[in-house]
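Please model the complete structure; the sequences and the hints are all you need to start from.
Residue numbers (our numbering), protein chains in the order written: chain W, 1 to 645; chain E, 646 to 852.
Keep in mind that a hint or two might mislead.
As the list claims (entries may be wrong) - Incomplete in silico selection of chain W near chain E, CB under 7 Å:
no., residue
1, Gln83
2, Ala120
3, Arg123
4, Ser243
5, Ala250
6, Gly252
7, Pro553
8, Pro575
9, Asp576
10, Lys578
11, Val632
12, Ile636
Keep in mind that the hints were calculated from the coordinates and are not lab data. As the structure is a prediction and not an experimental result, all values here were calculated from the model. No residue lacks a Cβ here, since even glycine has one placed at the ideal position from N, Cα and C.
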Amino acid sequence: MNPVDTKPIERSATDELLQLAETWREPPGFWGWFRCVHHQTIGKRYIVTAFIFFLLGGILAALMRMQLIRPENRFLGPDLYNQIFTMHGTTMMFLFAVPMMFEALAVYLVPLMVGTRNIAFPRLNAYSYYLYLFGAIMVWVALLTNTGPDAGWFSYVPLSGPGFAPGKRVDFWAQMITFTEVSALAVAVEIVVTVFKLRAPGMSLNRLPMMVWAETIVSFLVIFAMPAIMLSSSMLILDRLVSTHFFNPAEGGDALLYQHLFWFFGHPEVYIIFIPGLGIVSTIVATFSRRHIFGYMVLVLSLIATGFLGFGVWVHHMFATGIAGMGRSFFSAASMMISIPTTVQIFCWLATLWGGKLNIKLPLLWIFGFFFVLVMGGLTGVMLGVIPVDIQVHDTYFVVAHFHYVLIGGAVFPLFGGFYYWFPKITGRMLNHTLGNWHFWLFSIGFNMTFFPMHSLGLKGMPRRIYTYQPEMGWTTLNRIATFGAGLMFIAVLLFLINVFWSRRRGVVAGENPWGAGTLEWATSSPPPPYNFVELPTVNGREAVWDAAPNQPVVRGLRTDMREVLATNVLDADPDHKELMPEPTIWPFLAALATTFLFIASIFTPWGLVWGLFPVAVTMTGWFWPKGKDKVNQEIVEAEDAARA
Amino acid sequence: MLQGLERPSERPSLDISDLKHTAFGIRSLVWWGTFGLIVIEGTMFAIVVASYFYLRTRTTEWPPGVANPTLWPGTVNLLIFLASAVPNQWLKRSAEQLNLGAVRIGLLIVSLVAVLNLAIRIFEFPALQCKWDTNAYGSVVWTLLGLHTIHLLTDAYDTWVLTALMFFGPIQRKRFVDVSENADYWWFVVLTWIPIYLVIYWVPRWL
Numbered sequence: 001m002n003p004v005d006t007k008p009i010e011r012s013a014t015d016e017l018l019q020l021a022e023t024w025r026e027p028p029g030f031w032g033w034f035r036c037v038h039h040q041t042i043g044k045r046y047i048v049t050a051f052i053f054f055l056l057g058g059i060l061a062a063l064m065r066m067q068l069i070r071p072e073n074r075f076l077g078p079d080l081y082n083q084i085f086t087m088h089g090t091t092m093m094f095l096f097a098v099p100m101m102f103e104a105l106a107v108y109l110v111p112l113m114v115g116t117r118n119i120a121f122p123r124l125n126a127y128s129y130y131l132y133l134f135g136a137i138m139v140w141v142a143l144l145t146n147t148g149p150d151a152g153w154f155s156y157v158p159l160s161g162p163g164f165a166p167g168k169r170v171d172f173w174a175q176m177i178t179f180t181e182v183s184a185l186a187v188a189v190e191i192v193v194t195v196f197k198l199r200a201p202g203m204s205l206n207r208l209p210m211m212v213w214a215e216t217i218v219s220f221l222v223i224f225a226m227p228a229i230m231l232s233s234s235m236l237i238l239d240r241l242v243s244t245h246f247f248n249p250a251e252g253g254d255a256l257l258y259q260h261l262f263w264f265f266g267h268p269e270v271y272i273i274f275i276p277g278l279g280i281v282s283t284i285v286a287t288f289s290r291r292h293i294f295g296y297m298v299l300v301l302s303l304i305a306t307g308f309l310g311f312g313v314w315v316h317h318m319f320a321t322g323i324a325g326m327g328r329s330f331f332s333a334a335s336m337m338i339s340i341p342t343t344v345q346i347f348c349w350l351a352t353l354w355g356g357k358l359n360i361k362l363p364l365l366w367i368f369g370f371f372f373v374l375v376m377g378g379l380t381g382v383m384l385g386v387i388p389v390d391i392q393v394h395d396t397y398f399v400v401a402h403f404h405y406v407l408i409g410g411a412v413f414p415l416f417g418g419f420y421y422w423f424p425k426i427t428g429r430m431l432n433h434t435l436g437n438w439h440f441w442l443f444s445i446g447f448n449m450t451f452f453p454m455h456s457l458g459l460k461g462m463p464r465r466i467y468t469y470q471p472e473m474g475w476t477t478l479n480r481i482a483t484f485g486a487g488l489m490f491i492a493v494l495l496f497l498i499n500v501f502w503s504r505r506r507g508v509v510a511g512e513n514p515w516g517a518g519t520l521e522w523a524t525s526s527p528p529p530p531y532n533f534v535e536l537p538t539v540n541g542r543e544a545v546w547d548a549a550p551n552q553p554v555v556r557g558l559r560t561d562m563r564e565v566l567a568t569n570v571l572d573a574d575p576d577h578k579e580l581m582p583e584p585t586i587w588p589f590l591a592a593l594a595t596t597f598l599f600i601a602s603i604f605t606p607w608g609l610v611w612g613l614f615p616v617a618v619t620m621t622g623w624f625w626p627k628g629k630d631k632v633n634q635e636i637v638e639a640e641d642a643a644r645a
Numbered sequence: 646m647l648q649g650l651e652r653p654s655e656r657p658s659l660d661i662s663d664l665k666h667t668a669f670g671i672r673s674l675v676w677w678g679t680f681g682l683i684v685i686e687g688t689m690f691a692i693v694v695a696s697y698f699y700l701r702t703r704t705t706e707w708p709p710g711v712a713n714p715t716l717w718p719g720t721v722n723l724l725i726f727l728a729s730a731v732p733n734q735w736l737k738r739s740a741e742q743l744n745l746g747a748v749r750i751g752l753l754i755v756s757l758v759a760v761l762n763l764a765i766r767i768f769e770f771p772a773l774q775c776k777w778d779t780n781a782y783g784s785v786v787w788t789l790l791g792l793h794t795i796h797l798l799t800d801a802y803d804t805w806v807l808t809a810l811m812f813f814g815p816i817q818r819k820r821f822v823d824v825s826e827n828a829d830y831w832w833f834v835v836l837t838w839i840p841i842y843l844v845i846y847w848v849p850r851w852l
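As structure tokens, then:
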């Protein structure tokens, strides 16, 4: 029997439980959809939305592969091809990878894993989701109306500047950045506050689950890195719309300033995507080895070291721009150093697997795939850190191969493992094993078929981003293999989708802890009730469920008739005070609409920024002003506090 | 195992019924939220300042082809900002003591100070002696000043809304925490002005 377990079903008759369910119930109906503020609801929306953009980005990739299947193909023209590769990168990085690996997983999992009832600042959380959604829709509508960004996913100047990219294409890209980065920054603050202030009593920092560590470190990376891209994309749009000269050398500006700012964000961005993947790996490895992770402290320190080093390597994306010798050596050395913490983690996982009682299930299979693919990508990464090699293969398919190995290996493989692992928690049912096996093997084979030949193509001199090539270049066969591999990946993802839709209704019922895992999200029913836990748990070790004492205490004294949570202190998670969480509300949605108006209007006129401020101010004030149930509840608890004092 | 509410005696519990609902400073969630915002925006300021110095290395003359910015509006604003620290800190302390009368007075003072800052800010833009589209120097100083102005305007607006709330809205302890955190954010606006002021007005003269 699981001692921390507080399954609601058996006590559903009690009035308190009914009251708790009523208190935390999400508002029903069409309008209710816009008022939801619970982290599970918003988290699920993030997961579904980000996955839809993964599929859309994948369709764009498939179109590119079809174009490149033979030389001098006329399937896509050069202009459309430019838009498609730009939108493929943009979608995958900004609309899928970051929102999925960071926002979606953190918003859904972190409050459950730290044992609380909701995320900190739930209304901000809802607002962040709508901003992400509206920004994503905006840039995709632009693509569908032949106004898609076409200057590459990093929109380098001068190509993206006013001189070479007239029209609105790049403006939509720059504003999409503003939408998604505001959204990610909001979630970063929420996660930091949730982890620092809302942990279950006893979960001192040295007992944080690895996944929570990963998302917390990523939150800090977001906080320090995303301002750089918000600024660079704002400077770009200012250069384009109101004739500033940040990147115009004729007026004292500098094109490389853009690259510095972009990559000061862009390299940490890789770790924003990759570190949650590492968190998933640590979680799955521990669960399926059925033992505590080996080298917890070393793993945490490695994640932190990776986070720090991630800020010291941005110039390795710019070796071909003529950086001075000393700078090149520094950044080359820093880039190689980053392989040290990664390697340390890989050895810790191997040690865990070695000393554990292996339970080889689908989530673990994906982690094995991760090891293979990531090590391949890591090795070409070390090669690229060597400056002469980098300059030789710069902007060729070798680089395309490298970063797909790193990003798909480091993020998508763990993510699929995570899907198989947490799907039972989110839906209450297991994914089908046979379909899952087909998915894994087809995806892994397809992936390597697609991207391995690209190493060779790059070494043979095929540049990135060309829409076609001549038959005498000798690139045809390898391109054909790559396109065939992409087809296999396409089928694999299709099987996964079928599996999801089928298993949601007909899958084996999971029960609350089908994997026998140790973290707190498994100490409640599947799917978790809207209040997460009947009684908040207390924690006695790193794997809260495994390490719980036979009669591990539960927290009592939280109200069931209001959305009350327990705030604890930062280091030791000792109970500190209670907080009321907000009730459902429409205001974050309205504020997001107002913000969307401001962002989109300012693409067309600088005055949009001025007039757009008024609706934003009004909706934000409406959001803040105490009213309704929130106001009444606050008054009741404060009166009780006063009476007790 | 599910004895919790029905049979409380069977399961040991950690009783938190007596905990209060208000906490100030580092104990409160709002403090951490505000602090997160400050770190994000502080990073943003630091990156614009870094861009300023980066652009400065691209040219021999600084400021390039325009006169040094006129000192008085920025300096007056600096003095007002520094002076505002006193009522602001008093406001923060009054909020933490739940002293409604003092909080109302303090909010009125800080609201008016913010109006004064904004009024003088109007003279700062012409004092830069260039436009945003004159050259890259113009672009970066306008951005630096503009960004700080956005923060000033945001906090001014927050302060006005809080003032209205403390006069006309429901008075709750929780709102005193908001006042205290708003005072922290004012500190941020004040303290960032010192390096930004030095960069905009004195770097062209000294360096």
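Now for the hints, and whether the structure bears them out:
no. : hint   : result
1   : Gln83  : violated, 29 Å
2   : Ala120 : holds, 5 Å
3   : Arg123 : violated, 12 Å
4   : Ser243 : holds, 4 Å
5   : Ala250 : violated, 9 Å
6   : Gly252 : holds, 4 Å
7   : Pro553 : holds, 4 Å
8   : Pro575 : holds, 5 Å
9   : Asp576 : holds, 6 Å
10  : Lys578 : holds, 5 Å
11  : Val632 : violated, 9 Å
12  : Ile636 : violated, 10 Å
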